[in-house]
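K.L.:
Listed here are the chains, written in short residue letters.
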Amino acid sequence: MQKYAFTKRFSTIVSGVLAPLAISQAILITPVLQAKDLTVGLSASITSMDPHYHNLTPNNGLLRHIFDSLIRQDFAQNLVPGLAKSWRAIDATTWEFKLRRDVRFHDGSPFTAADVAFSLKRAPSVPNSPSSFAPYVKAITEILTPDPYTVILKTASPYPLMPNDVATVLIVPAKLGEKVTTEDFNSGRAAIGTGPYKFAEYTPNQRVVLKTNFGYWSGEEPWEKVTFKILPSAPTRVAALLSGDVDFIEGVPTADLSGLSRNPKVSLSSRISNRVIYLTLDSNRQTGSPFVFDKLGKPLAKNPLTDSRVRRALSIAIDRTAIVSRVMEGSAIAAGQLLPDGGFGTSKNLRAEKQDLNMARKLLTEAGYPDGFALTLHGPAGRYINDDKIAQVVVQMWKRIGVDTKVETMPSAILFTRGSKLEFSAILVGWGSETGEASSPLRALIATFDKDKGMGTSNRGRYSNSEVDRLINAALATVEDSKRAALLAQATEIAMRDTAIVPLHFEVSNWATQRGLKYTGRSDQYTFAMDVRTVK
Amino acid sequence: MLAYTLRRLTQSVFVLFVMAVLVFLGVYAIGNPIELLVNPQADEIEKMRATVALGLDKPLYEQFMVFLKGAINGDLGRSFVFGVPALGLILSKMVATIELALCAMIIAVSIGIPLGLIAGLKPDGIVARTIMAGSIVGFSLPTFWVGLVLIMFFSVYLGWLPSNGRGETVSLLGVQVSFLTWDGLTHLFMPALNLALFKLSLLIRLTRAQTREALLQDYVKFARAKGLSQSRVIGVHVLKNIMIPIVTVIGLEFGSVIAFAIVTESIFAWPGTGKLLIDSINQLDRPVIVAYLMVIVALFIFINFAVDIIYSYLDPRVRLGQSAGAGH
Amino acid sequence: MTTINKEISPARQIWEEFAASKLAVIGMILLLTIILIAIFAPIISPQNPYDQSQLDVMNNKLAPGEKSLSNQTYILGTDDQGRDMLSAIFYGIRTSLAVGVASTIVAAAIGLSFGLIAAYFGGWVDTLIMRIVDIQLSFPAILLALILLAVFGQGVDKVIIALITVQWAYYARTVRASALVEMQKEYVEAAKVLALSKTRTLFKHLLPNCLPPLIVVATVQVAHAIALEATLSFLGLGLPITEPSLGLLISNGFTYLMSGKYWISFYPGLALLITIMSINLVADQLRDVLNPRLKK
Chain Y
1 MQKYAFTKRF
11 STIVSGVLAP
21 LAISQAILIT
31 PVLQAKDLTV
41 GLSASITSMD
51 PHYHNLTPNN
61 GLLRHIFDSL
71 IRQDFAQNLV
81 PGLAKSWRAI
91 DATTWEFKLR
101 RDVRFHDGSP
111 FTAADVAFSL
121 KRAPSVPNSP
131 SSFAPYVKAI
141 TEILTPDPYT
151 VILKTASPYP
161 LMPNDVATVL
171 IVPAKLGEKV
181 TTEDFNSGRA
191 AIGTGPYKFA
201 EYTPNQRVVL
211 KTNFGYWSGE
221 EPWEKVTFKI
231 LPSAPTRVAA
241 LLSGDVDFIE
251 GVPTADLSGL
261 SRNPKVSLSS
271 RISNRVIYLT
281 LDSNRQTGSP
291 FVFDKLGKPL
301 AKNPLTDSRV
311 RRALSIAIDR
321 TAIVSRVMEG
331 SAIAAGQLLP
341 DGGFGTSKNL
351 RAEKQDLNMA
361 RKLLTEAGYP
371 DGFALTLHGP
381 AGRYINDDKI
391 AQVVVQMWKR
401 IGVDTKVETM
411 PSAILFTRGS
421 KLEFSAILVG
431 WGSETGEASS
441 PLRALIATFD
451 KDKGMGTSNR
461 GRYSNSEVDR
471 LINAALATVE
481 DSKRAALLAQ
491 ATEIAMRDTA
501 IVPLHFEVSN
511 WATQRGLKYT
521 GRSDQYTFAM
531 DVRTVK
Chain U
1 MLAYTLRRLT
11 QSVFVLFVMA
21 VLVFLGVYAI
31 GNPIELLVNP
41 QADEIEKMRA
51 TVALGLDKPL
61 YEQFMVFLKG
71 AINGDLGRSF
81 VFGVPALGLI
91 LSKMVATIEL
101 ALCAMIIAVS
111 IGIPLGLIAG
121 LKPDGIVART
131 IMAGSIVGFS
141 LPTFWVGLVL
151 IMFFSVYLGW
161 LPSNGRGETV
171 SLLGVQVSFL
181 TWDGLTHLFM
191 PALNLALFKL
201 SLLIRLTRAQ
211 TREALLQDYV
221 KFARAKGLSQ
231 SRVIGVHVLK
241 NIMIPIVTVI
251 GLEFGSVIAF
261 AIVTESIFAW
271 PGTGKLLIDS
281 INQLDRPVIV
291 AYLMVIVALF
301 IFINFAVDII
311 YSYLDPRVRL
321 GQSAGAGH
Chain H
1 MTTINKEISP
11 ARQIWEEFAA
21 SKLAVIGMIL
31 LLTIILIAIF
41 APIISPQNPY
51 DQSQLDVMNN
61 KLAPGEKSLS
71 NQTYILGTDD
81 QGRDMLSAIF
91 YGIRTSLAVG
101 VASTIVAAAI
111 GLSFGLIAAY
121 FGGWVDTLIM
131 RIVDIQLSFP
141 AILLALILLA
151 VFGQGVDKVI
161 IALITVQWAY
171 YARTVRASAL
181 VEMQKEYVEA
191 AKVLALSKTR
201 TLFKHLLPNC
211 LPPLIVVATV
221 QVAHAIALEA
231 TLSFLGLGLP
241 ITEPSLGLLI
251 SNGFTYLMSG
261 KYWISFYPGL
271 ALLITIMSIN
281 LVADQLRDVL
291 NPRLKK
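Protein chains in written order, with this note's numbering: chain Y, 1 to 536; chain U, 1 to 328; chain H, 1 to 296.
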């Protein structure tokens, strides 16, 4: 007891010196809320002002300030009318969209069906695009504009996801012409949309400035000028908020949540996201999985990860509540399937697995590995919230059932390249569902890898189950929503019972504003000035 | 002089060529940019399209030939990520980095050399010991840690300085600089200090060591014996003689300050090339990495050249082109 | 006195001159303690912080002196994985010292050789070496580390290789510069006139006179190497996260700096500071003692 007196006193002194610097005590010096301006701290770079150049979450979020789409997603990713008043499937292969008549572009010209046709044609064909919108329009075989306020899209086969896909394409004016370049958008010359804000300035890697669009069809914005600063370093972003340099930040680090929640000058908001953090196990190679060994480091005769009992043992060895409470500081939801409960195509019968070490050991024994085996878990460093810390905790827990695990983290550039070449046995990754439908993760992560059909594109464990494949394919050809949801839920249940992947948790996105402002968070992790409002 | 310059120029072109080869091989070894650039929701067809669009479908040597052809015409390719010419992107960010690096060097030199001189002249005094102890703190704490503590103290706690970014700029000879405005200076101070800290400590220690050496040289002893005033001995004889290694290090460090501004720029969200480079490395944006290195190497070669000229001025015994002429 | 006639061994003489500075002796004691801690870390640490099965995430982020679930007290608290900070610091010193010292010695040796060769032989040898140095110095350390990491994988040895590759060129250029100045001095000219062998001139005359600036740079570089390793770790390119060095501990704790959980990065930072300070106190005095020209 007495032994620690010195250390204790010393810690008191140290914390006395450093504590005033801690965020919970920090005083906000300059409440710079000049009523009409808003400064936002973003966590990632915006690579272009061309809405069809780079299909990247930060770009898509920011450009929705300048441009509109026919269909929007609300904060929970439900489809709601945008530039299209209504839409319906006329028959299995024909979709009809009725457009609003009262919309004008920033330059005053009216919005018509010709602009939609132009945008849908431009979206897949921007030169030098590192990631185009082609996948969202490839189902369209024909675009018809019978009158200026009707658009008809034809497909070759039944395509239920048309509204979701159309929701991703932002509308630019047809009069820009086919020759318009990405640079024209970056300079602002072509950055003409119908959205709530107008382009003012774009400096790559530094800032984007927008001005309000007076007379916006969906209601004027209260902010005359919005400045987005690119602040990728998380502590920098928090410091910028606390020092009053910005009014609003996204991506609040979990480490600072409790401190900020105690700070009376800051208000926090959060929303569960559609991003699931999960483990992929090399489950289809009978032999030669590169990072599975026996405990002495020698190759095993058979790859244990092909046995669904082993995969389930690894899954139930993990204490998800500990990850959520201790690593994520409560800012995550333990996951038992591919989308949070209530999402389109989720199952009502699936719950996050509870930790059960005895059961896990029993399953390993049944599978013929009573003493466990050795494994290396690979993961990214800094791509998902606390990714490297989560990986280490998983290793702690696996060691308790005798699975000797090492963890290796690396920049995502290396991880994804090597992962796609199947150079790993166990990977920690995440998947954010853009459409908010279970079809997105099922198709990309669970379906059998098939290059030509575009199935299993991110299935790096090469899990394969013909029953699941059949259900996914059936769902993808079913236009009727309730039937499709049931098929997707059924596919999810089978895949989860077979431990196709090991879901850990769903990320919760956090935003923080100066007091006096409030933000309504979104499940797609977009940060919208449109959702920041003052509170009286 | 002309022959010397020409020779250096040819060597420089060779250096640039080798660098380009190394980057091409290096990025190729790290991974495939497409894996990161293409939206994960995309299918194989889209991946193929992007690979072709960025010219990554060709064999590596062919990609290199395409690059060489462009480079001869001053075109270093387009950024994979931003889709704009890489060279233009780098140059637009270069001013901010050079401004930051210059300010850091000015802080380091204007504080480091006098303190080092004081410490070297009276090495056993209490002042000297304090300076030396302080200099250890300067280089033993990681830059990112010091940077954040500076922000927390000056911006968050005291609220005196802005926490991030670059301030208002004005045009100076057609270049947008920020050190001429008050707003710009307040933004510049913390990152420049943060970046200077390590170089400052290095300079203090180097100057001290060189001063102590110089004081023992015969000509200094002789000058003192002649009864020259202390200030003249230090100002003329000591200072001039300690300058050579110090100029070398300044030349060396300026290049490294620019190259290593990455961390400071990240912490302070300073819109320079360092921040762009680390993003580009993480995204494997090869054209930007290559363009960055080409610009940095060119700058570096220029600095080395300048350092050599300063040598010959400081010490007439060192002739220009010494390196090539020595040994016979 | 009889002692005057007594032969004093050179080692003893160096020690006596060294001990003339009390600060240097304190530095020496500190450094020896640190080295002992590094060597005996596995024995004196309450916990093996590199063994994941000894860690429990339920005990993470405990403040110094706070009691864990199993009623255990952690003197310096625990980190985000539930690692005992005291043990982590002991092990971290071990890793950091190994990385810093090993990479500096090798890099300095390589740099010294190339610098001397370049200065002494001149001509195309000099040109070739200096251009390689130019390439090396302008190649960002981080890019290089990333490439090495991609090609060879993660590990202490890889980080050391990366640091050597990054640093040798500094020494080469510094040594060449001071050697060029020495070359102009009478003794080298004299050696040439006397037709002494090249190796002899190099090692007997040029080398000792180029050492002082090299030692200054090298002592700073040990610290720099440790800090650079910390920076690489900060950028996610350094050591394996399960085997943290002091630098990696600091960069892990960096995340918690603003939330008031200072101990996760403060104590490793303090340990790093003391380590580097003691290295420098000892090295400064050693340099003075060993420098032939500073003898009065």
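Please keep in mind that the hints were generated in silico from the structure rather than gathered at the bench. Think of the CB as a built atom: it goes at the ideal place given N, C-alpha and C, for glycine as much as any other residue. Just so you know, not all the hints are guaranteed correct.
As the list claims (entries may be wrong) - No farther apart than 25 Å at their CA atoms in a straight line, the calculated lysine to any residue pairs in the SDA-like style are these:
1) Y:Lys354 with H:Ile110
2) Y:Lys225 with U:Gly184
3) H:Lys158 with H:Phe203
4) U:Lys69 with U:Ile45
5) H:Lys158 with Y:Thr417
Stated by the list, open to error - If you want a taste of the chain U side facing chain Y, the calculated C-beta under 7 Å gives, among others:
6) Leu36
7) Val38
8) Ala42
9) Glu44
10) Gly83
11) Ile151
12) Pro162
13) Thr169
Claimed, not checked - Simulated restraints, written as ranges between beta carbons of each label pair:
14) U:Asp183 with Y:Asp184: 28 to 34 Å
15) Y:Lys354 with U:Asp183: 55 to 61 Å
16) H:Val125 with U:Phe17: 44 to 50 Å
K.L.:
Against each hint, give a clear statement of whether it holds in the structure.
P.N.:
Each hint tested on the structure:
no.: 1; hint: Y:Lys354 with H:Ile110; result: violated, 56 Å
no.: 2; hint: Y:Lys225 with U:Gly184; result: holds, 22 Å
no.: 3; hint: H:Lys158 with H:Phe203; result: violated, 31 Å
no.: 4; hint: U:Lys69 with U:Ile45; result: violated, 29 Å
no.: 5; hint: H:Lys158 with Y:Thr417; result: holds, 20 Å
no.: 6; hint: Leu36; result: holds, 6 Å
no.: 7; hint: Val38; result: holds, 4 Å
no.: 8; hint: Ala42; result: holds, 5 Å
no.: 9; hint: Glu44; result: holds, 5 Å
no.: 10; hint: Gly83; result: holds, 5 Å
no.: 11; hint: Ile151; result: holds, 5 Å
no.: 12; hint: Pro162; result: holds, 6 Å
no.: 13; hint: Thr169; result: violated, 11 Å
no.: 14; hint: U:Asp183 with Y:Asp184: 28 to 34 Å; result: holds, 31 Å
no.: 15; hint: Y:Lys354 with U:Asp183: 55 to 61 Å; result: holds, 56 Å
no.: 16; hint: H:Val125 with U:Phe17: 44 to 50 Å; result: violated, 21 Å
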